[in-house]
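Protein sequence lines correspond, in order, to chains A and B.
Number 1410 in the numbering used here belongs to position 293 of the first sequence; there are no gaps in the numbering.
Number 30 in the numbering used here belongs to position 18 of the second sequence; there are no gaps in the numbering.
By construction, these hints were calculated from the structure, which means they are not laboratory data.
Any given hint could turn out to be false.
[What the hints assert, rightly or not] From the structure, some residues in chain A lie toward chain B, with a derived Cβ separation under 10 Å:
| id | residue |
| --- | --- |
| 1 | Leu1201 |
| 2 | Met1204 |
| 3 | Glu1317 |
| 4 | Tyr1318 |
| 5 | Ala1327 |
| 6 | Arg1329 |
| 7 | Tyr1331 |
| 8 | Ala1332 |
| 9 | His1335 |
| 10 | Leu1342 |
| 11 | Gly1370 |
[Stated by the list, open to error] Straight-line C-alpha distance at most 20 Å; calculated DMTMM-like pairs for lysine to aspartate or glutamate:
| id | chain 1 | residue 1 | chain 2 | residue 2 |
| --- | --- | --- | --- | --- |
| 12 | B | Lys253 | B | Glu172 |
| 13 | B | Lys145 | B | Glu164 |
| 14 | B | Lys166 | B | Asp178 |
| 15 | B | Lys253 | B | Asp206 |
| 16 | B | Lys166 | A | Asp1166 |
| 17 | B | Lys166 | B | Glu242 |
| 18 | B | Lys19 | B | Asp107 |
| 19 | B | Lys145 | A | Asp1403 |
| 20 | B | Lys145 | A | Glu1317 |
[To be verified] Quick partial rundown of chain A residues pointing at chain B, CB under 8 Å, derived from the structure:
| id | residue |
| --- | --- |
| 21 | Ser1253 |
| 22 | Ala1321 |
| 23 | Leu1323 |
| 24 | Leu1325 |
| 25 | Gly1326 |
| 26 | Arg1339 |
| 27 | Ala1362 |
Owing to the predicted nature of the structure, the values given are computational and were not obtained by experimental measurement.
Glycine residues also receive a C-beta, built at the ideal position from the N, C-alpha and C atoms.
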Amino acid sequence: MGNTQGTATAGTSRPTEGAAPGATMMPLAAVPDVPGFRQRLGRRLAAIDWSRIWMGAIGIVTLVVLWWIAALVIGDDVILPSPLRTMDVMIRYLSKPYPSQGETLVGNTLISLARILVGFTWGALAGIFLGALMASVRPVRLIVDPLIELGRPLPPLAFIPLLIVWFGIGELPKIILIGVGVIPVMVVSVVAALDAVPEEYVEAALSLGATRSYALLHVRIRAALPAVITGLRLSMGLSWTSIVAVEMIAATGGLGYVILEASNYLITPLIFSGILLIAVVALFLDGLLRLLRRLVAPMG
Amino acid sequence: MADVELKHVSKRYAHGRQTTETLRDVSLRVGDGEFVSLVGRSGCGKTTLLRIVGGFVDADGGDVLVDGSPVTRPGSDRGMLFQHPMLFPWLTVLDNTLFGPRATGRHSPQARARAMELLQIVGLGGFEFHYPKQLSGGMMHRAAFARAMMAEPKILLMDEPFGALDALTRAGMQQFLLDLWNRRRFTVILVTHDVEEAVLMSDRVAVMAAGPGQIIETIPIDLPRPRSYEMSETPEFVQLKRRVRQSVERARGKAPVSVMNPTAGH
Chain A
1118 MGNTQGTATA
1128 GTSRPTEGAA
1138 PGATMMPLAA
1148 VPDVPGFRQR
1158 LGRRLAAIDW
1168 SRIWMGAIGI
1178 VTLVVLWWIA
1188 ALVIGDDVIL
1198 PSPLRTMDVM
1208 IRYLSKPYPS
1218 QGETLVGNTL
1228 ISLARILVGF
1238 TWGALAGIFL
1248 GALMASVRPV
1258 RLIVDPLIEL
1268 GRPLPPLAFI
1278 PLLIVWFGIG
1288 ELPKIILIGV
1298 GVIPVMVVSV
1308 VAALDAVPEE
1318 YVEAALSLGA
1328 TRSYALLHVR
1338 IRAALPAVIT
1348 GLRLSMGLSW
1358 TSIVAVEMIA
1368 ATGGLGYVIL
1378 EASNYLITPL
1388 IFSGILLIAV
1398 VALFLDGLLR
1408 LLRRLVAPMG
Chain B
13 MADVELKHVS
23 KRYAHGRQTT
33 ETLRDVSLRV
43 GDGEFVSLVG
53 RSGCGKTTLL
63 RIVGGFVDAD
73 GGDVLVDGSP
83 VTRPGSDRGM
93 LFQHPMLFPW
103 LTVLDNTLFG
113 PRATGRHSPQ
123 ARARAMELLQ
133 IVGLGGFEFH
143 YPKQLSGGMM
153 HRAAFARAMM
163 AEPKILLMDE
173 PFGALDALTR
183 AGMQQFLLDL
193 WNRRRFTVIL
203 VTHDVEEAVL
213 MSDRVAVMAA
223 GPGQIIETIP
233 IDLPRPRSYE
243 MSETPEFVQL
253 KRRVRQSVER
263 ARGKAPVSVM
273 NPTAGH
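Pulled out of the complex, with its shape left as it was, chain A reads as follows:
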């Protein structure tokens, strides 16, 4: 405890013009130092909006309760298994292969995750590179922009048959598909993010003695980062759409494949397990990106 002084000015409160600056409270010689870890932790904890967490929990619990009631009313595991039955099946198949010559749920989750990470990474890098190029070189923008606009409304899933014809059913078409979906989203968000950086930020940096390249890296690109990370979050969601779809069509592993197999054999609890695992992993990855955004944009 004892961090009340630290938390007093934390959060979103804006001191007014008349507010006494801290200088009047501390002697001039006492140079305040960087807030310590405990102080920062205290501020973080104080900044947590507990009501949001409570309300969120209420929503989830309500959903589970409704699911359970519906399962009891229907009374058929094939149509709607109860949450308990689903958890039971999930836990069993976490370590037991399904189908019997295939992978466990853990294994299939890792397969999907690996595809996502590789596809998302190359797509994001390519999209960021292309977007940055478009934002800084006008002819590139004029040439590429119509192509992006043409391609953007197309669902990545429309390319699956083509990619199978070209690259078979190995890993390559899946990774390409994810990237193809991610690129336009990243291009659009990177261009928008860089465009939105006020020119005056760069000018302020230059008049403080920064070189053009220093201002580009430490101001223009730095200022665009939070919006780029928001683009990454959208892309990550899209990556899941792509991978699950392609795994249902042309794969022998991965969560999409498990879900489709389970549906072929009417093992509904396993379908639910697959969906839940996707939700958990996707939430985890999104959480990492949100954390990253918090780090680059400390005040939101």
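Chain A is fixed; fit chain B onto it per the hints.
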């Protein structure tokens, strides 16, 4: 030692096939340690003129000299303050202040101590580790001042720096700038459309007309220093204010674009 000399400066902008003459034959000398305001209605090219001195825009003709050498690009000898403070939101107040030293490879414990001192001077002691979003509008402007002063500019260029503030905060900032200038006596070019602000702050007020932008009159403000806000009620002040305002009105008459006011013009 830092004076600014503009000789026959002109600037055109092209929009497609049309060109607008933004500045025509503008000459102005701002002496070392002098405080000069550029006043005029929007579109008279006063911001363009300031940006030419800043090195952000190239003049098409004429000479722009700072300390006798031509301006080719922005530099830390000319500090720039905009209508919005333009603090970097991802940096704390202290790190914003230290941006200049870091960018120029001159970061040191001494620089840090000096930044702390500057923040004390601008009344932001205790807010060093706050982020810009946690500050009020006036505090952000003072942080921007500290950041600009950190580079030890010889000339301060200000583009309507208090235009977006509420009246009370603006008065506070004007007083703050007056006090700071009294202590340091750097050279200042202030762009404003607030006649009272121009008279209160300046040694001379240059009145600009639009279409094409030019300086039609330079009015010396021979009020005693140090100045303060109370002075704005003295007869001398009111008289000077009226003179500047009339000059601005006359400048307006010279503009050919006055559709709303057909009686304007000669």
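Hint check results:
1. Leu1201: Cβ of A/Leu1201 sits 47 Å from chain B, so the hint is violated.
2. Met1204: Violated: closest Cβ of chain B sits about 43 Å from A/Met1204, beyond 10 Å.
3. Glu1317: holds, 5 Å
4. Tyr1318: Where the cut-off is 10 Å and the nearest Cβ of chain B is about 6 Å from A/Tyr1318, the hint holds.
5. Ala1327: For A/Ala1327, the interface hint holds, since the closest Cβ of chain B sits about 4 Å away, which is under 10 Å.
6. Arg1329: At 9 Å from the nearest chain B Cβ, A/Arg1329 passes the 10 Å test, so the hint holds.
7. Tyr1331: holds, 5 Å
8. Ala1332: This hint holds: A/Ala1332 lies near chain B, its Cβ roughly 8 Å from the closest one there, short of 10 Å.
9. His1335: Since chain B brings a Cβ to about 7 Å from A/His1335, closer than 10 Å, the hint holds.
10. Leu1342: Holds - the Cβ of A/Leu1342 comes within 10 Å of chain B, reaching about 8 Å at its closest.
11. Gly1370: violated, 42 Å
12. B/Lys253 / B/Glu172: OK: B/Lys253 and B/Glu172 at ~18 Å, within 20 Å.
13. B/Lys145 / B/Glu164: Not OK: B/Lys145 and B/Glu164 at ~26 Å, beyond 20 Å, violated.
14. B/Lys166 / B/Asp178: violated, 29 Å
15. B/Lys253 / B/Asp206: holds, 10 Å
16. B/Lys166 / A/Asp1166: violated, 48 Å
17. B/Lys166 / B/Glu242: Given that 20 Å is the threshold and the Cα spacing comes to 29 Å, the pair is violated.
18. B/Lys19 / B/Asp107: violated, 39 Å
19. B/Lys145 / A/Asp1403: Outside the cut-off at roughly 25 Å; violated.
20. B/Lys145 / A/Glu1317: holds, 18 Å
21. Ser1253: violated, 18 Å
22. Ala1321: holds, 5 Å
23. Leu1323: holds, 4 Å
24. Leu1325: Hint holds; A/Leu1325 Cβ to chain B Cβ min 4 Å, cut 8 Å.
25. Gly1326: Holds - the Cβ of A/Gly1326 comes within 8 Å of chain B, reaching about 3 Å at its closest.
26. Arg1339: Interface hint status for A/Arg1339: holds (6 Å vs cutoff 8 Å).
27. Ala1362: violated, 37 Å
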